[in-house]
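Generate coordinates for the entire structure from the input sequences, incorporating the hints supplied.
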Amino acid sequence: MKIDDAVKILTFLCAGSSILVVFLIFGYTLLEGLPFLAKYGLSFLTGLYWKPYADPPQFGLLPTVIGTLSVSGLAILLAAPMGVLAAIYLAEYSGSGLLRSFIESATQLLVGIPSVVLGFVGLVFLVPILAETFGGWGFSILAGGIVLAVMTLPHVICISSDAIKAVPREYRYASLALGASKWQTIRRVVLPAAKSGILASIILGLGNAIGETMAVLMVVGNPEVPYIPTSILDRVRVLTSTIVIEFNYAVWGSDQMRALFAIGVVLFIITAVVNLLAFHILGGRIHAKGI
Amino acid sequence: MSGGAASGRTVIAALAAVAVAMFLAGYLASSFALSSISRTNVKTATTTVVETAGLNARLNVAGSTTVAPIVEEAARRFSELYPGFRISVAAIGSGPGIKAVGSGEVDIGMASRDLKEEEFERWPDLKPFRIAMDSIAIVVHPSNPVNELTLEQVAKIFAGEIRNWKEVGGPDKPIHVITREKGSGTRDCFEHAVMKPFGKEVSAEAMVQQGNPKVRAAVANDPLSIGYISLGFVDETVKPLRIDGIEPRIENVLKGTYPIKRNLYVVTKGDPDPAELMFIGYLLSAEGQKIVEELGYIPLYPVS
Amino acid sequence: MRRGSEILIEILTWLASLIPAILAGAIISFLLFNGASAISWRFITGFPEKGGLEGGILPAIMGSIYVSALCMLIAAPIGIGAGTYLAEYAPENVFTKVVRFFVELLAGIPSIVIGLFGYAFLVHGLGLGFSILSGAIALAFMILPWTVRVSEEAIRAVPREYRYASLALGASKWKTIRSVVYAAARSAIITGLMLGLGKAVGETAVVMMTAGMGVAGYIPASPLDPARTLPVHLYLIAGEIANTSEGLRMAYGTALVLIALFLAVSIPSIMLRNYFTRRLYGDAG
Numbered sequence: 001m002k003i004d005d006a007v008k009i010l011t012f013l014c015a016g017s018s019i020l021v022v023f024l025i026f027g028y029t030l031l032e033g034l035p036f037l038a039k040y041g042l043s044f045l046t047g048l049y050w051k052p053y054a055d056p057p058q059f060g061l062l063p064t065v066i067g068t069l070s071v072s073g074l075a076i077l078l079a080a081p082m083g084v085l086a087a088i089y090l091a092e093y094s095g096s097g098l099l100r101s102f103i104e105s106a107t108q109l110l111v112g113i114p115s116v117v118l119g120f121v122g123l124v125f126l127v128p129i130l131a132e133t134f135g136g137w138g139f140s141i142l143a144g145g146i147v148l149a150v151m152t153l154p155h156v157i158c159i160s161s162d163a164i165k166a167v168p169r170e171y172r173y174a175s176l177a178l179g180a181s182k183w184q185t186i187r188r189v190v191l192p193a194a195k196s197g198i199l200a201s202i203i204l205g206l207g208n209a210i211g212e213t214m215a216v217l218m219v220v221g222n223p224e225v226p227y228i229p230t231s232i233l234d235r236v237r238v239l240t241s242t243i244v245i246e247f248n249y250a251v252w253g254s255d256q257m258r259a260l261f262a263i264g265v266v267l268f269i270i271t272a273v274v275n276l277l278a279f280h281i282l283g284g285r286i287h288a289k290g291i
Numbered sequence: 001m002s003g004g005a006a007s008g009r010t011v012i013a014a015l016a017a018v019a020v021a022m023f024l025a026g027y028l029a030s031s032f033a034l035s036s037i038s039r040t041n042v043k044t045a046t047t048t049v050v051e052t053a054g055l056n057a058r059l060n061v062a063g064s065t066t067v068a069p070i071v072e073e074a075a076r077r078f079s080e081l082y083p084g085f086r087i088s089v090a091a092i093g094s095g096p097g098i099k100a101v102g103s104g105e106v107d108i109g110m111a112s113r114d115l116k117e118e119e120f121e122r123w124p125d126l127k128p129f130r131i132a133m134d135s136i137a138i139v140v141h142p143s144n145p146v147n148e149l150t151l152e153q154v155a156k157i158f159a160g161e162i163r164n165w166k167e168v169g170g171p172d173k174p175i176h177v178i179t180r181e182k183g184s185g186t187r188d189c190f191e192h193a194v195m196k197p198f199g200k201e202v203s204a205e206a207m208v209q210q211g212n213p214k215v216r217a218a219v220a221n222d223p224l225s226i227g228y229i230s231l232g233f234v235d236e237t238v239k240p241l242r243i244d245g246i247e248p249r250i251e252n253v254l255k256g257t258y259p260i261k262r263n264l265y266v267v268t269k270g271d272p273d274p275a276e277l278m279f280i281g282y283l284l285s286a287e288g289q290k291i292v293e294e295l296g297y298i299p300l301y302p303v304s
Numbered sequence: 001m002r003r004g005s006e007i008l009i010e011i012l013t014w015l016a017s018l019i020p021a022i023l024a025g026a027i028i029s030f031l032l033f034n035g036a037s038a039i040s041w042r043f044i045t046g047f048p049e050k051g052g053l054e055g056g057i058l059p060a061i062m063g064s065i066y067v068s069a070l071c072m073l074i075a076a077p078i079g080i081g082a083g084t085y086l087a088e089y090a091p092e093n094v095f096t097k098v099v100r101f102f103v104e105l106l107a108g109i110p111s112i113v114i115g116l117f118g119y120a121f122l123v124h125g126l127g128l129g130f131s132i133l134s135g136a137i138a139l140a141f142m143i144l145p146w147t148v149r150v151s152e153e154a155i156r157a158v159p160r161e162y163r164y165a166s167l168a169l170g171a172s173k174w175k176t177i178r179s180v181v182y183a184a185a186r187s188a189i190i191t192g193l194m195l196g197l198g199k200a201v202g203e204t205a206v207v208m209m210t211a212g213m214g215v216a217g218y219i220p221a222s223p224l225d226p227a228r229t230l231p232v233h234l235y236l237i238a239g240e241i242a243n244t245s246e247g248l249r250m251a252y253g254t255a256l257v258l259i260a261l262f263l264a265v266s267i268p269s270i271m272l273r274n275y276f277t278r279r280l281y282g283d284a285g
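Chains as they are written, first to last, in our numbering: chain F, 1 to 291; chain Y, 1 to 304; chain S, 1 to 285.
No wet-lab data here; the hints were simulated from the structure. Careful, some of the hints might be misleading.
In silico PhoX-like cross-links for lysine-lysine, where the CA-CA straight-line distance does not exceed 25 Å [unchecked claim]:
1) 156/Y - 51/F
2) 8/F - 175/S
3) 175/S - 2/F
4) 290/Y - 50/S
5) 116/Y - 51/F
From the derived model, a few chain Y residues whose C-beta atoms are all more than 10 Å from chain F [said to hold, decoys possible]:
6) 163
7) 205
8) 208
9) 273
Ideal placement from N, C-alpha and C gives every residue a C-beta, glycine not left out.
Structure representation (structure tokens):
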């Protein structure tokens, strides 16, 4: 009996450790970031200039936030329609043959391809093409959006197709029995029923895109003083790339280092909002399904 | 039953791994408690190892991308002489290098500029050692017809006042300005020697590339670009410009006719420990200075 | 008319569903096409020269292997332990809900924040320095949610009857878990962990900020040695070589080795995982 208790305690500790890790990360980041936020307040989010080396330093994050949203927004705009179409095929048309298993495996593979590899391909393949086609640098919102779309697409496909598959068969039978064609059934019955799941997949995809670092970093150009972009060919900085670029320049205990942690806090908030939103949407759905 | 035995073994392995994890956690906790002392401990430990167990030392070096090739090549040859030395060199820029050595993250920093007053204020015990001299070349794409600029033209181009190559005798095409990041020693020297005399600042529109290799590659990739790199990084992929008629060559830098000259340093925190001292001594030795010359930088004294 | 548009739509969705496969195939063959010529014995077993722009990538390969192996050594046992607790021991109470919530929270933290935390806390705060150990711990934080989830799922998927049978024979709870549940869940856990390993191998930002960026003329041996892993090496040398230069093959070659390592870990586990999912839940998904 004794070993049973020991194992129970040991596994309990393992389970508890994840809580500990989260507290450690959150606590540390908040501890460093919050005093900064308190000091600079809203001007951190609404300021137009990011000049950490100026005297006095300026920490305006607005252009970076807009840059982040435009790159991720473009990525979702590109990935969502394709992703939902692909999900419809997987859930409704593909049957259960070899093709479906192949597509699913390829999708999972694409999720896993290291983002630095995608960034590298973007850098040596996409950026020169964009520079040649549109002139300018090639490093742009467009480049970042395309690379991110590749990373977001599989997420949208996976979650959407799960949502579509979860629509009860009876809905389809009823619609088909009424004489509707397959596409009519999908459009009028299945998609409306899976709407919230699909929405959740898009929101989660957006959250993923905002948190993504390497692939974006390598192709968006990262101007020294970010400005509010006016075209998708403009160079931008994103929240994550700012951390990578500046982490080893920021002196310990300086406002610049705290500013990076404050960006971490902003990223926390964004991802928390995104995940809660998706959770809320999916939660409603899951209830309806009775699971 | 054999399956049961096998899974039993897996479980034992898993438990062993848990034990390792626990041990690590314990180690973390204790080193957390000792964190203030441990950093000094590491240093004395290195020293003791060098003294007692023959020549064994781990040296982490980080800093200027200009200095990195010298230190890397020196580290390679040095570890051939003393195989117990394990030297890792990270090219991350002068500012980060000084910060890393100052805050104890690495053993030796590298800088391609003089240390700033505020850096000495923050870390009073930094000790810079001059290991070589260098200059900065203004480089363009090899296909660019422009061969020469005045110092003032360079300043105006980087300030964004001259924006088209035709204004300086090139084709009617926009100029793509490539600069280094703030905190870079090369940028610091460039601003000091080129921009400051004309009261100008590098335009915020310029493309920022971190490190000499990235600037060189960016210039080599873009026929309309202009950038500046350490003399040691000039190769056939880019074309160095004459400035006020003077070629960026070692003899012109030494004569003082070429307008940019700077010192390259390695930096330790406090007096170097024996292992650091051995390596820095090697850099300053005739062999070390030979590497400096071979790589296209300026040695501290004539070696050949 | 109707039939025509029906077929058109089916074809359209079919084409869309092929995009991931096409993209994955295109990326891999692009790297293969450009990087294959860089792969040589000297490249795989040599040391980097000129800041990694020439020479080989052996230290980076070994660095990647060490960092991700040590990371799994930390994350796998904790993950399996936590999964066991959640699936076997824990009643559905507040604690398990809190644990699940925190696991989800941890999974949602952008990896760059974990990297920044690792740099501040492990490298600087604890004085571990840029080292394999710092990198492995930070990476373990990153993939811990994954290992907890896959273990819990795999253990839960084991039919109850197995446990009843074992308990009825007089085996203790732990004995049952050890000899019956783990045996049944083993393959699923291992494939899940392998997928986690794939993530760890490819992660860049976290490792760069904790394990360091230095080029080393030696193969890391101690957990306190710094290591530049393959993805970090790729990131650092990408953009350092002109597109026109022969040396660009070095970067392609590095990308190719990285993706080969990733595929070697991922493809078998993805295929096995799909197989198990199918066997456990049937085809309906």
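Evaluation of the provided hints:
1. With a C-alpha separation of about 22 Å, the suggested pair residue 156/Y and residue 51/F falls inside the 25 Å cut-off, and the hint holds.
2. Note on residue 8/F and residue 175/S: the hinted pairing holds, with a Cα-Cα distance of about 12 Å set against a maximum of 25 Å.
3. At most 25 Å may separate the alpha-carbon atoms for a hinted pair to count; residue 175/S and residue 2/F meet this at roughly 12 Å.
4. A distance of roughly 16 Å separates the Cα atoms of residue 290/Y and residue 50/S; the hinted pair therefore holds under the 25 Å criterion.
5. Only pairs whose Cα atoms come within 25 Å are accepted, and residue 116/Y paired with residue 51/F is accepted, the gap being roughly 19 Å.
6. The Cβ of residue 163/Y lies farther than 10 Å from every Cβ of chain F, with a closest approach of about 13 Å, so its non-interface assignment holds.
7. Distance check for residue 205/Y against chain F: the nearest CB is about 8 Å away, which does not clear 10 Å, and the non-interface claim fails.
8. With a cut of 10 Å on Cβ distances, residue 208/Y falls inside the contact zone with chain F, its closest approach being about 5 Å.
9. The beta carbon of residue 273/Y is kept farther than 10 Å from every beta carbon of chain F, the shortest such distance being approximately 22 Å.
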